[in-house]
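*Asks:* Using the hints, position chains B, C and D against chain A.
4 protein chains.
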Amino acid sequence: MQYKEIIERIYKELEDYTGHGKVADYIPALSKVNPEHFGISVATLDGDHFSAGDVETRFTIQSISKVFTLAMVSRHLGDKLWEIVGREPSGTAFNSLIQLEQERGIPRNPFINAGALVITDRLISLYKNPKEDILTFVRELSGNRDLNYNKDVALSEIEHSYRNLALANFVKSFGNLVNDPVKVIDTYCHHCALSMNAYELATSFLFLANGGIVSTSGQRVCGSRSAKRLNALMLTCGLYNESGDFAYRVGLPGKSGVGGGVVAVIPGKLSIAVWSPELNKNGNSYRGIEALERFTTYLGISVF
Amino acid sequence: MQYKEIIERIYKELEDYTGHGKVADYIPALSKVNPEHFGISVATLDGDHFSAGDVETRFTIQSISKVFTLAMVSRHLGDKLWEIVGREPSGTAFNSLIQLEQERGIPRNPFINAGALVITDRLISLYKNPKEDILTFVRELSGNRDLNYNKDVALSEIEHSYRNLALANFVKSFGNLVNDPVKVIDTYCHHCALSMNAYELATSFLFLANGGIVSTSGQRVCGSRSAKRLNALMLTCGLYNESGDFAYRVGLPGKSGVGGGVVAVIPGKLSIAVWSPELNKNGNSYRGIEALERFTTYLGISVF
Amino acid sequence: MQYKEIIERIYKELEDYTGHGKVADYIPALSKVNPEHFGISVATLDGDHFSAGDVETRFTIQSISKVFTLAMVSRHLGDKLWEIVGREPSGTAFNSLIQLEQERGIPRNPFINAGALVITDRLISLYKNPKEDILTFVRELSGNRDLNYNKDVALSEIEHSYRNLALANFVKSFGNLVNDPVKVIDTYCHHCALSMNAYELATSFLFLANGGIVSTSGQRVCGSRSAKRLNALMLTCGLYNESGDFAYRVGLPGKSGVGGGVVAVIPGKLSIAVWSPELNKNGNSYRGIEALERFTTYLGISVF
Amino acid sequence: MQYKEIIERIYKELEDYTGHGKVADYIPALSKVNPEHFGISVATLDGDHFSAGDVETRFTIQSISKVFTLAMVSRHLGDKLWEIVGREPSGTAFNSLIQLEQERGIPRNPFINAGALVITDRLISLYKNPKEDILTFVRELSGNRDLNYNKDVALSEIEHSYRNLALANFVKSFGNLVNDPVKVIDTYCHHCALSMNAYELATSFLFLANGGIVSTSGQRVCGSRSAKRLNALMLTCGLYNESGDFAYRVGLPGKSGVGGGVVAVIPGKLSIAVWSPELNKNGNSYRGIEALERFTTYLGISVF
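Line by line, the protein sequences are chains A, B, C and D. Under numbering that gives the first Met the number 0, the first residue of the first sequence is numbered 0, with each subsequent residue one higher. Under numbering that gives the first Met the number 0, the first residue of the second sequence is numbered 0, with each subsequent residue one higher. Under numbering that gives the first Met the number 0, the first residue of the third sequence is numbered 0, with each subsequent residue one higher. Under numbering that gives the first Met the number 0, the first residue of the fourth sequence is numbered 0, with each subsequent residue one higher.
A couple of the hints might just be wrong.
If chains are identical, the list can't say which one is meant, so a pair holds when it fits in one copy or spans any two.
[Unchecked claim] Once the Cα atoms are required to be at most 16 Å apart in a straight line, the calculated EDC-like pairs of lysine to aspartate or glutamate come out as:
1) LYS21 - ASP53
2) LYS280 - GLU102
3) LYS79 - GLU158
4) LYS127 - ASP53
5) LYS3 - ASP45
6) LYS79 - ASP45
7) LYS182 - GLU102
8) LYS3 - ASP53
9) LYS3 - ASP47
10) LYS79 - ASP244
11) LYS79 - GLU292
Derived by calculation from the structure, the hints in this document are not laboratory data. Note that the structure is predicted; figures quoted are calculated from it, not measured.
Isolated chain A (complex conformation) (with noise of 0.2 Å):
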């Protein structure tokens, strides 16, 4: 089969392509984390699931958890999500204050930071018991039960984010956010410290790539337009400052966390994730990249 083909030569490829970047070590719970560890996997519309390398070790997805968030919130507000939330790309955190000053507390988007804390604002006023909902609906994409949050890195999160609750206050004191900042920030340190494995995070992105649909259960959830456009966030907005160099080398919509997960959707066929926790200066991981990079070129597919 070609994927498993294609998958096992550039985990073979790359399998020594370490040392050109550094974990996450903005708080203790992430620097421990063994930066060798490597694994790709691919699960398909067909049902078919191919893995290389390590995918069966947990991480935490971090920022990855805000495409989940975002699906969550924009089931209930549809358009209206644009009223509190722009979506257009924005460079470095530098620019994001800049322009949140200048656009009046509504972020440029809903994956920087600032959107993100906007989104899980939303959430925790649209669900009953946020940290719960935000489990059941991932466990429910990846038909995995036992997925949790990791509580130490949660904890560390939450002790360590000066800098989120200066963006949660400052675009609270725009009228842009509805509930107390620190329950913000409890609820999104708590997502970002959602714990998966790549077979899992590949699986569990897989309906973005299937119009809306999980596809093994036959659950909508989001209409096909919805998903085509969550894909259209990710491509421009995915990875940060990084995203037009995504989009040019992979050509697919993706999204990253510093836990050094990276996932990818080929609308139509299959979802990709990939884990290598060395970061690049932009906070993604440069492995995860070349072998999504990689992963197009063999196959000849990308969205362009």
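*Replies:* Just chains B, C and D, lined up with the frame of chain A:
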């Protein structure tokens, strides 16, 4: 035929959709354009053309020309291109100036003005008769030998080019401009004043839907990977500060100009150009974008 | 006596000079103030006092309090102060955020909000009962034992302090805040809510005209060089984004607050306080500034 | 005599205080200056002169010339001046560009480059032979008929003026430049290349200590209020991003240039010029500032 019907439907639906923006008026030559013009033209890889409305009147393509000059330069420079210009989305002009300072004269992408000036500068160094050679290049893409610059518009743009002169001199102060800023502006204003109609525009972008090959002549403009990457750049950076919105609503690589033209590409299938001179606050043809959104919606096809 | 006549003349000239701005309304407790209040009070090194208008009604001194807390902290830190805060003018709030990011959490000067929060933070570390000790300090300067905080205003400010909480957390994320941001905000909002009248305000700033010594008691608040330097800071940074204008028009070291107070110092001679609650777009009492401009013009004395 | 002793003491103390910065090297003509030059010159209202070190060698006064052109233009424009330029301190070049954009082409003050270009532009409109007339003006102030431009430096500056050309064109794009940017740069680079020694510099600033009157000739350069206001501008904006620091340490209105000159004024008393070509990171003569700080400290006199 499906395309024909969809185009005609959209044309009818939007025939009276005017008065929600205004024609570019920063130079007299542009402000005289009749705001009611409206034309849609599709060119397919099968060699078919489908049009509705006014696809025969020519207009200046303005920033759309940046795709042509980029293709001409990237051909020679390959990946060295990315040493002189970035490939990340950049919001407003406002940002581009700060970022230009922070990033030491390396514009964030080839489609913001500073980036396009750098591209034009290198084109001047690489080609013997830059203005002639650009004409030749676009004439071949469009299959139309009598394409030309609108001299009035070109001269008027040159006269009002203080801001672009500021950008060119600023980039030059960082050493990232080889030629005389005045000469760069001259060539730049000329290629922005390229005069084409919607039919010719759709035709000349078809190579980007065809892996870099002009389908009528079989001539290779660029490699297949280059074509994909130009598409990626258009998708993330093609509509200035509305690129994310365009990706979200239309879901195709595209490029706009303040002359009211918008062009988009469905890789492997077709290219489409719309002309409607009234612009929204971002400087894009609002009716053009609306038409393209309906096109991908009715067709049920986007890159996502 | 010259001072008396000048003050009375100014009072008459500006008695009806209202309606050109508005009372601070970001918290309900402030918005209730009668905009017509107007009082001028001069305190000289000779021990004389000259007043016109309402110099008995108390108002919250707001940012004027930053001079007191700065004096209290600089006493202990000396030149080490400049490791935690700069002494350069900074324009808008907008800039302060960018600059805070660029300058890694070191606020540009002690009078912008971020800088004042850093000062308050250190004051909390240096003094046993910060809120009590600030009261004691100002009571001694003013010679009035019953000065106190306006509790309503303080609590109202705390309730609406999201933006200051954002600043405090942002500074904390750079490691330049020692105490809990919530505690810092509490003390900060209290000293901003210090309630004084124009007479008391003029009196308590007299030490800055007297080389750091309280003229009535002979008590030394700070060294002569320190006093000069506090004056220098007030001149360059005392009126936010209107500091240059104030230096140009009035020509004295001064400090303003959104409660409508403005205080200024003629080194070696006197201090003067004006209260008029209507604010211009920069958040300064426009009648207060106008009165001070006429004062130095009629008197023919400024520091220049 | 007190001044003489103080100056000689400072000269001795700082004679070997070199090697902590470097001579301006952005143009070859400047980089050739011997970094060891050091001279101090005081001119008093009584007509006395006190000097130490090298006060005879001429150097280009660079930004110090902005005070002369400002005086020449403000004479004609009066308060209308403030419609084309502001009077607020502005930090870095970085800020000036953003602020220029935000404030629609009105530079924040006449001493940042953009502001000085606007002043030079108006000077060109107001005077028949701008470059001649500037020479005449400064010759009269200094009482020295043979002052002239350093042609080598002027031409070298013009050759390397891309950044200033960027600023001039940017301001022009907002309509706040009347003349051709190239012509403005030519005049600007010439007045920056005015060649004077410390003695002449001190002498020519004396009118600002004397209410606008040249003390030797009795000629009125500007009104007394204008003189005070020029002093206020120098104090808040005279040393770029180090203005606050200079006010704090030295406590006098002053102006610096990248040629290594610094000049300061004690209103009612004297003017003082120091020359030492090595610059700190802000582009100011660090030995010059140190000398001035000691001068006001030993003298016990500043404006505060």
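*Asks:* For each hint, tell me whether it holds in the structure or not.
*Replies:* Do the hints match the structure? See the list:
| no. | hint | result |
| --- | --- | --- |
| 1 | LYS21 - ASP53 | neither (19 Å within a copy, 55 Å between copies) |
| 2 | LYS280 - GLU102 | between (27 Å within a copy, 15 Å between copies) |
| 3 | LYS79 - GLU158 | neither (33 Å within a copy, 29 Å between copies) |
| 4 | LYS127 - ASP53 | neither (36 Å within a copy, 55 Å between copies) |
| 5 | LYS3 - ASP45 | within (14 Å within a copy, 34 Å between copies) |
| 6 | LYS79 - ASP45 | neither (34 Å within a copy, 41 Å between copies) |
| 7 | LYS182 - GLU102 | neither (24 Å within a copy, 30 Å between copies) |
| 8 | LYS3 - ASP53 | within (15 Å within a copy, 51 Å between copies) |
| 9 | LYS3 - ASP47 | within (10 Å within a copy, 39 Å between copies) |
| 10 | LYS79 - ASP244 | between (30 Å within a copy, 15 Å between copies) |
| 11 | LYS79 - GLU292 | neither (35 Å within a copy, 19 Å between copies) |
Hint violations for this structure: numbers 1, 3, 4, 6, 7, 11, all remaining hints satisfied.
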